[in-house]
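2 protein chains.
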Amino acid sequence: MNIITISREFGSGGRELGKRIADILGYSYYDREIITEIAKKHDFDEKYVETILESRFPFSMPITYGRTFSYTDATGQQAIELLSTQYKLLREFASKGNCVIVGRCANVILEEFAPLNIFVYADLESKIQRCRERAPENENLKDSELKRRIRQIDSGRAKHQKFLTDRKWGAKEGYHLCVNTSGLEIKSLSPVIAEYAKGYFEKK
Amino acid sequence: MNIITISREFGSGGRELGKRIADILGYSYYDREIITEIAKKHDFDEKYVETILESRFPFSMPITYGRTFSYTDATGQQAIELLSTQYKLLREFASKGNCVIVGRCANVILEEFAPLNIFVYADLESKIQRCRERAPENENLKDSELKRRIRQIDSGRAKHQKFLTDRKWGAKEGYHLCVNTSGLEIKSLSPVIAEYAKGYFEKK
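Listed in order, the protein sequences are those of chains L and R. As numbered in my numbering, residues 1208 to 1411 make up the first sequence, in order. As numbered in my numbering, residues 1208 to 1411 make up the second sequence, in order.
Note that these hints are calculated values from the structure, not bench results. Honestly, I wouldn't trust all of these hints.
No copy labels: a pair is met if it fits in one copy or bridges any two.
As the list claims (entries may be wrong) - The calculated lysine to any residue pairs, modelled on SDA-like cross-linking and capped at a C-alpha distance of 20 Å, are: (1) Lys1410 <-> Ser1395; (2) Lys1349 <-> Lys1405; (3) Lys1375 <-> Arg1227; (4) Lys1379 <-> Asp1361.
The model shown is predicted, which means the values in this text are computed figures rather than measured ones.
Pulled out of the complex, with its shape left as it was, chain L reads as follows:
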């Protein structure tokens, strides 16, 4: 089974890259699907699942009292349950066949599937430009607001991974390939990265 995981900085074009690579290679593609599935299984709103999974971790860690432990609050308990579902779903998807999975710490969770782990990043200027290009028409954020949002989302991703592993999010040692998309077109980049992935799996 060839599994490609894409971790990415917000605005770096990693999601588009993942989708295009999947299309080129004829692999399945999982991204929002994971959130949708978790939401369905727990009968929660998708946005809620996303919020819980992405931003509540520092506050929802289990706390140990002597030999027992409790959770800081109800959300903590819920987060653990959602995480557990995410964990099972990712393994389910990975077992089905060749696929590209974007985000969700699949690089860490699917370690025993020996995935090809790609990290996609870019300089701040390129990320801001990419965010503007795909923003809804009525969104009119200042640069400073966009920068804050990028920082916030990436910091959430880093925390999410920190909760699951001691491997630092975005540190190149945890990935097989780190791709800087600054000033590059994702459309043009995709065939080359797909080629890399093909070569990687063939030669392993």
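Got chain L sorted already, so can you dock chain R onto it with the hints?
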């Protein structure tokens, strides 16, 4: 002019990767040639040039006294001269035509040539194994000694770059592509990275 710079951790196979990419693409290849040229120009031993350029920097920084400045020692003055020759040579090589340059902070020095900057790295185990494979027959270092050597050489490279720029050696933000060679054959990896480089220059 298409310039590819390869920065690499010691034992990661970056040099071999650079040579193979140059061969595949039909580019010139510069590595030891730079040291050889500098040594010739200054009538120094190559080994001496290498030592001065790679390991003396923390001790040979110019020190400012009021409005004038002096050097900490004679080697400091020499280092600056060698650096200046290296600077000129790199620009000379780069101006001649498409090429791959390994090491020598070419990524920083040749910035205005808009090179494709690749960083090659690997986990410690792979680096030790690669060092063993290419060691002379009579070399019989313990793992701990090899680890120390790897650390020392990489730390020299990091300091060398720190002397020239505030961009941190090995930090992915300073490169276009970071390639983890752990467990991979450089021979198999090279055509894919060459393909990436080709795509990168075509689409720029």
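Requested in this report: At 20 Å max between alpha carbons, let me know whether lysine 1375 reaches arginine 1227 within a copy, between copies, both or neither.
Outcome: Intra 26 Å, inter 32 Å, cutoff 20 Å: neither.
**Report entry** Up to 20 Å CA-CA - lysine 1405 versus lysine 1349, copy category
**Finding:** Neither: 41 Å inside a copy, 37 Å across copies.
Query raised in the report: What label fits lysine 1410 with serine 1395 when the C-alpha limit is 20 Å: within, between, both, or neither?
Result: between (24 Å within a copy, 7 Å between copies)
Query raised in the report: Between lysine 1379 and aspartate 1361, at a C-alpha cutoff of 20 Å, which is it: within one copy, between copies, both, or neither?
Result: Both ways: lysine 1379 and aspartate 1361 sit 15 Å apart in one copy and 16 Å across, limit 20 Å.
Violated hints, listed in ascending order, are 2, 3; each of the other numbered hints is respected by the structure.
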